[in-house]
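Q: Listed below, chain by chain, are the residues.
There are 6 protein chains.
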Amino acid sequence: MTSATTPVRQGRAADALRTVRVTRGYTMHAEGSVLIAFGDTKVLCTASVEEKVPPHKRGSGEGWVTAEYGMLPRATHTRSDREAARGKQSGRTQEIQRLIGRSLRAVFDLSKLGERTIHLDCDVLQADGGTRTAAITGAFVAAQDAVAKLLAVGKLQASPITGQVAAISVGIVGGVPLLDLEYVEDVACDTDMNVVMTGAGSFVEVQGTAEGVAFTRAEMDQLLALAEKGIAELVALQTAALAEPLPTKGAA
Amino acid sequence: MTSATTPVRQGRAADALRTVRVTRGYTMHAEGSVLIAFGDTKVLCTASVEEKVPPHKRGSGEGWVTAEYGMLPRATHTRSDREAARGKQSGRTQEIQRLIGRSLRAVFDLSKLGERTIHLDCDVLQADGGTRTAAITGAFVAAQDAVAKLLAVGKLQASPITGQVAAISVGIVGGVPLLDLEYVEDVACDTDMNVVMTGAGSFVEVQGTAEGVAFTRAEMDQLLALAEKGIAELVALQTAALAEPLPTKGAA
Amino acid sequence: MTSATTPVRQGRAADALRTVRVTRGYTMHAEGSVLIAFGDTKVLCTASVEEKVPPHKRGSGEGWVTAEYGMLPRATHTRSDREAARGKQSGRTQEIQRLIGRSLRAVFDLSKLGERTIHLDCDVLQADGGTRTAAITGAFVAAQDAVAKLLAVGKLQASPITGQVAAISVGIVGGVPLLDLEYVEDVACDTDMNVVMTGAGSFVEVQGTAEGVAFTRAEMDQLLALAEKGIAELVALQTAALAEPLPTKGAA
Amino acid sequence: MTSATTPVRQGRAADALRTVRVTRGYTMHAEGSVLIAFGDTKVLCTASVEEKVPPHKRGSGEGWVTAEYGMLPRATHTRSDREAARGKQSGRTQEIQRLIGRSLRAVFDLSKLGERTIHLDCDVLQADGGTRTAAITGAFVAAQDAVAKLLAVGKLQASPITGQVAAISVGIVGGVPLLDLEYVEDVACDTDMNVVMTGAGSFVEVQGTAEGVAFTRAEMDQLLALAEKGIAELVALQTAALAEPLPTKGAA
Amino acid sequence: MTSATTPVRQGRAADALRTVRVTRGYTMHAEGSVLIAFGDTKVLCTASVEEKVPPHKRGSGEGWVTAEYGMLPRATHTRSDREAARGKQSGRTQEIQRLIGRSLRAVFDLSKLGERTIHLDCDVLQADGGTRTAAITGAFVAAQDAVAKLLAVGKLQASPITGQVAAISVGIVGGVPLLDLEYVEDVACDTDMNVVMTGAGSFVEVQGTAEGVAFTRAEMDQLLALAEKGIAELVALQTAALAEPLPTKGAA
Amino acid sequence: MTSATTPVRQGRAADALRTVRVTRGYTMHAEGSVLIAFGDTKVLCTASVEEKVPPHKRGSGEGWVTAEYGMLPRATHTRSDREAARGKQSGRTQEIQRLIGRSLRAVFDLSKLGERTIHLDCDVLQADGGTRTAAITGAFVAAQDAVAKLLAVGKLQASPITGQVAAISVGIVGGVPLLDLEYVEDVACDTDMNVVMTGAGSFVEVQGTAEGVAFTRAEMDQLLALAEKGIAELVALQTAALAEPLPTKGAA
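Chains as they are written, first to last, in UniProt numbering: chain X, 1 to 252; chain S, 1 to 252; chain A, 1 to 252; chain H, 1 to 252; chain R, 1 to 252; chain E, 1 to 252.
Hint data in this document are derived by calculation from the structure and do not stem from the laboratory.
In this text, all values refer to a predicted model and were calculated from it rather than measured experimentally.
Accuracy of the hints is not assured; some may be wrong.
[What the hints assert, rightly or not] Lysine-lysine pairs mimicking DSBU-like chemistry, simulated, CA-CA at most 30 Å apart:
#1 X:LYS88 to H:LYS229
#2 X:LYS57 to S:LYS88
#3 S:LYS88 to A:LYS155
#4 H:LYS57 to E:LYS52
#5 A:LYS155 to X:LYS88
#6 E:LYS88 to X:LYS57
#7 S:LYS88 to H:LYS155
#8 A:LYS88 to H:LYS52
#9 H:LYS52 to R:LYS88
#10 R:LYS52 to H:LYS57
#11 H:LYS88 to R:LYS88
#12 E:LYS88 to R:LYS57
#13 A:LYS88 to H:LYS155
#14 E:LYS88 to R:LYS88
#15 X:LYS52 to E:LYS88
#16 E:LYS57 to X:LYS88
#17 E:LYS112 to S:LYS57
#18 S:LYS88 to A:LYS88
#19 X:LYS52 to S:LYS52
#20 H:LYS57 to E:LYS229
#21 H:LYS155 to S:LYS57
#22 A:LYS57 to S:LYS52
#23 R:LYS149 to S:LYS88
#24 S:LYS57 to H:LYS112
#25 R:LYS88 to R:LYS112
#26 E:LYS155 to S:LYS88
#27 X:LYS52 to R:LYS52
#28 R:LYS88 to E:LYS52
#29 X:LYS88 to E:LYS229
#30 H:LYS88 to A:LYS52
#31 R:LYS88 to E:LYS112
#32 X:LYS57 to R:LYS57
#33 S:LYS229 to X:LYS88
[Said to hold, decoys possible] Chain H stretches covered by chain R per the calculated footprint, using a threshold of three residues with CB under 8 Å from any CB of chain R:
#34 62–71
#35 154–160
#36 190–200
#37 217–225
Note that beta-carbon positions come from the ideal geometry of N, C-alpha and C, so glycine has one too.
Throw the hints in and build the complete structure from the sequences for me.
A: So this is what it looks like as structure tokens:
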């Protein structure tokens, strides 16, 4: 693993994140609304509070945190069909939204949320690789803003959030382990791994896939180290974004 | 009808549009990509060119222009279900996307487009009334940008666009005819009318609905006059926006 | 505008309705059952009373009026797919049934209906243009019969119906404004407008569409005048039909 | 079995059909269009010719005959949901339309139909028991009219129809075997059997169901004898109806 | 009818069943779990007890018995689409599961079951003709085992089962009436009849279909006699299987 | 990590697999048909060869390998809804079948398969934890049998299979890392990881999820070591099973 610039990415080190931009208060209605950019990947993450829970939580005294994911038809290089028009969400969409939901629940103490639901909607406005990791990283910030509102109006006395959570992709392209894959890298990679970690440095999810050649244990160790580095940086960026005052009007 | 400020809108005249903002090149992949804002209503309109046509146009030598409309779940005051998750588009969604498609086709000479399709995707990021009229007005600009690209690369020799098209809502609230209804006005109005007109001042669509009391012919005349004023302004705004150079990188 | 016979219609004046026939008690189970014919267009409109309301009205003390629309597969020149077999209603079907529902609610005081629903089912047995306007005009008569039964059995003390409602199409064919378009005229027209009005002469809905060339304000005025004439006649025909005794056995 | 009037049916003998009425040319667009009434049960059966076949028959030189069945929402005592709105056909609907299709194909030599499809649409306008048997009996007449048109215009040289087909229900109510059950009898019966036979007196389908007590072989023999009697009468009624000239204009 | 070996089946008499094998306790979770084999046709029938009833039975004090049927994609000679992936059950599947449900309810006194449901799931692991008759015959054994458990734990004081039920197919192949058709016989047959009978020898369902030539009354009598013979044997096999002790661990 | 018996599993060491049983030729129609048991988890894996490819491979000269997964309704402790009846596959089902497909494709050289598809259907007859890992391990054996048939009949000259693939679950329960989780362990675990590896010891997929507390890098290393041990054993079991002669008749 090297931090020198590699042929596969223009002027970016193999272990460098793309420029990450977090814009809170992006739209005005949601309790939390964040536009997160990982380079040219841009995802709008909103957190909506609903004062009821799904059937499996009713009467439990506990809350629920869930996520949905979508991609605007022309977020991608060529237009993809609108899932609402096709009448069903793809397997990929369902896999991603289940991943986002599990990742966020990992830092929630649901017993402290009360019988309410936080819906995290992650909609990709522009895609250039890493949409699910951007979504998780942005959804955490949106969830934090929504919880802050519940605390501010006295609906909650203490935060149910137990820590930060962020996600990044890593992969091996042409034998070189890379952090935060762009679309062209994602297409070319042999191994692709999405890693979700807490602010404390523990793993929430690890999903590694050999797209081409199977990968060795040594390669896996390299990828995990890259991911740990990237997530530490993302956690710091979340902290910095949340330290700023929330814009009073939608920023879109 | 009066242009004086009325109680129902803060500091805005009854015959005044909200601040309209048109941002071209909002996302980077689409052939045309426009974020249009009518006050706090914000709609992302993309135009995607596909080099084939639907079955009813195959072999005709003609092209096709079609539209889809969506609303992000938390574009609204309270979260609405995601249509892709519910597995079907609502009647309202279908009505709106059919309206956008017809409106845009009204200014296209399909025989000059060649056997290709322009897909207009209008996705509401933030809603505050008038999403369908903003969508039509923005979709025209996106379509124009897409056609400009087809001309630039030589796929078209002459533009198939025969004129401009824009849309606005008008309504009667508490007896006062108003131009460009915001959400609170839309909810309170007795009569709501969406008007689509060409740059030349002719009508493409008129859809008036008495939500409460049925409306008289005299009221209808007042509303049509308001709409004519508003659309003339929108057409000028479209022209101005299209006169500027297109940003080279996504603006989102 | 002229009432002289024009080339486009055989022996019928430009401002003349087709022969309208209203048959009450057409089927025997429904609380109201009307076969309405606008020339060769024949629509069976039934009104069914259900002693409960949809969720958004529960506990409100108010009732609800709603409509569904369907077309038998071979009501048309060539067979169209059965929507039940395809598994979804088309956008056109949904648009029409939403229009019928809004139009009928415009003459109902829902607070006087009690917590019950009137379902209006409009099924086209034979189509020759103007199915939605025939449906609205016939559905009003069926609704009136259903309300009469509720009054007769003492479930209602006073009628919740506040006035009559009827609908007609108008259009411009070959430059000539015409009332009540038949199928061949509908296909050929530049502008098509459906107008729904109350018995008192106010507008409930106006839906005008330029199928070809956009239409001018002057043309719109001509079309609205034609519609006003036609609807006055339809309202009189409804009144006459309702003045007759209801057949005791299904007339089908 | 007795032909004396029984308590369960007013003035009708146990082995008597209800009044059967066959109206050809009921609607004007279909190649065959028949309204058939078995007492208060009224079914509109249309036959539509399409000049292509489904995939499993393509290139075979053979044609296809298929059926669809529907019930208007208020054909019944209490309104039932519209299948198109629910988004799927019930198991009962599918069972019936498969039965109608098989029954009609039993009297078609598909190799003589050419590569075309006859669609039989059976839509129940009013239901009072026996809708599927009325549908089969009426669909045969509609199919015959459609074939006559194909012969008349020279698309067929010889009829692909090899015989007549008709259907009737029989059942045991309170121990009494009855022919042609009305709704109240159908609800009360222990055993319900639908029998489809050719004009030549052979069986095409026998579907007997014990709704209450299982039935004996002796009871089955009684029911089959009743069915044979009823179908012979229906076949004669079909023949008589087809001997009359076809009305030139829709009779609805 | 003859019991001599016929050319169509290798070494099996025309009136002979295939080897029938009943394995109780096939899987371990279900209250009743039976693998039934009719020759190479193998169906897993499970009976699951649920302590609630569907809406139409709520508050009635009565229980419900219902069935679902499925075929593994490669139970058949060539792979068929998975119904779960296609998003709907075929008409054939629905017809069969409705038949199984009715057949089992024929031997249940629902008023003695209490407000609970017995779900019978019949999944075909391997198909070689006669899957629906094997399913009914096996589902009865599974239901019996489930009821025995309810009695054993004291949830029921008396059995709601009023008798045995079994089913068999019969058909005419090349003019020869045959019992228990295998797949190759089923494909070749002119007439196919499925017969469901009680242990007492009465008919629950008779479903005969002429696939080719319509069948005569005499042929029907021959087929019914064959079915009576076969079902008497199946009923004895059920009795014998139920007389053995239930395996304690899943046999799969 | 210890191989001593832990309190959570009766008599099984923490690093021990359950008894694994592989039955080839389980059903008779499929080109490959394997019942695999991991203890009480039993999955039927069939491999079906189809002589065409999906659209994205047409004309490529390459083949395709794909998988579908299902669970019989009563494979589980309490009955779950049948996906075919509900009309859609759950997100979980789609996730699993995508995983199986990717895992098998990792050991296929699609360019050597020719333009044909191998469908792997994995249906769970009985579930007790680890259904997806049993499915992958069994599907490999079924695929091998199907390829052997293609070689035997000369449709393939060389095997497109490049190595073995197997899968196992590992997890941490009460602080103890365990191999091959049973259902009760799966429910109780803090961390659950599914690992797919080749016969050569490289990773194809790693999917780790913290169900409760996030896991550390050290714990991850322990889990990966356990998985490596288990998969080496599974690969040996696959090899042994494939060394035996294939039964000539379905074993079910």
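Q: Against each hint, give a clear statement of whether it holds in the structure.
A: We went through each hint and held it up to the structure:
no., hint, in the structure
1, X:LYS88 to H:LYS229, "violated, 52 Å"
2, X:LYS57 to S:LYS88, "holds, 26 Å"
3, S:LYS88 to A:LYS155, "violated, 38 Å"
4, H:LYS57 to E:LYS52, "holds, 20 Å"
5, A:LYS155 to X:LYS88, "violated, 44 Å"
6, E:LYS88 to X:LYS57, "holds, 23 Å"
7, S:LYS88 to H:LYS155, "violated, 42 Å"
8, A:LYS88 to H:LYS52, "holds, 24 Å"
9, H:LYS52 to R:LYS88, "holds, 26 Å"
10, R:LYS52 to H:LYS57, "violated, 47 Å"
11, H:LYS88 to R:LYS88, "holds, 9 Å"
12, E:LYS88 to R:LYS57, "holds, 26 Å"
13, A:LYS88 to H:LYS155, "violated, 35 Å"
14, E:LYS88 to R:LYS88, "holds, 8 Å"
15, X:LYS52 to E:LYS88, "holds, 26 Å"
16, E:LYS57 to X:LYS88, "holds, 23 Å"
17, E:LYS112 to S:LYS57, "violated, 40 Å"
18, S:LYS88 to A:LYS88, "holds, 9 Å"
19, X:LYS52 to S:LYS52, "violated, 47 Å"
20, H:LYS57 to E:LYS229, "violated, 56 Å"
21, H:LYS155 to S:LYS57, "holds, 29 Å"
22, A:LYS57 to S:LYS52, "violated, 47 Å"
23, R:LYS149 to S:LYS88, "violated, 44 Å"
24, S:LYS57 to H:LYS112, "violated, 34 Å"
25, R:LYS88 to R:LYS112, "violated, 34 Å"
26, E:LYS155 to S:LYS88, "violated, 44 Å"
27, X:LYS52 to R:LYS52, "holds, 25 Å"
28, R:LYS88 to E:LYS52, "holds, 24 Å"
29, X:LYS88 to E:LYS229, "violated, 40 Å"
30, H:LYS88 to A:LYS52, "holds, 24 Å"
31, R:LYS88 to E:LYS112, "violated, 35 Å"
32, X:LYS57 to R:LYS57, "holds, 27 Å"
33, S:LYS229 to X:LYS88, "violated, 42 Å"
34, 62–71, "violated (count 0)"
35, 154–160, "violated (count 0)"
36, 190–200, "holds (count 4)"
37, 217–225, "holds (count 3)"
In summary, the numbered hints that this structure violates are 1, 3, 5, 7, 10, 13, 17, 19, 20, 22, 23, 24, 25, 26, 29, 31, 33, 34 and 35.
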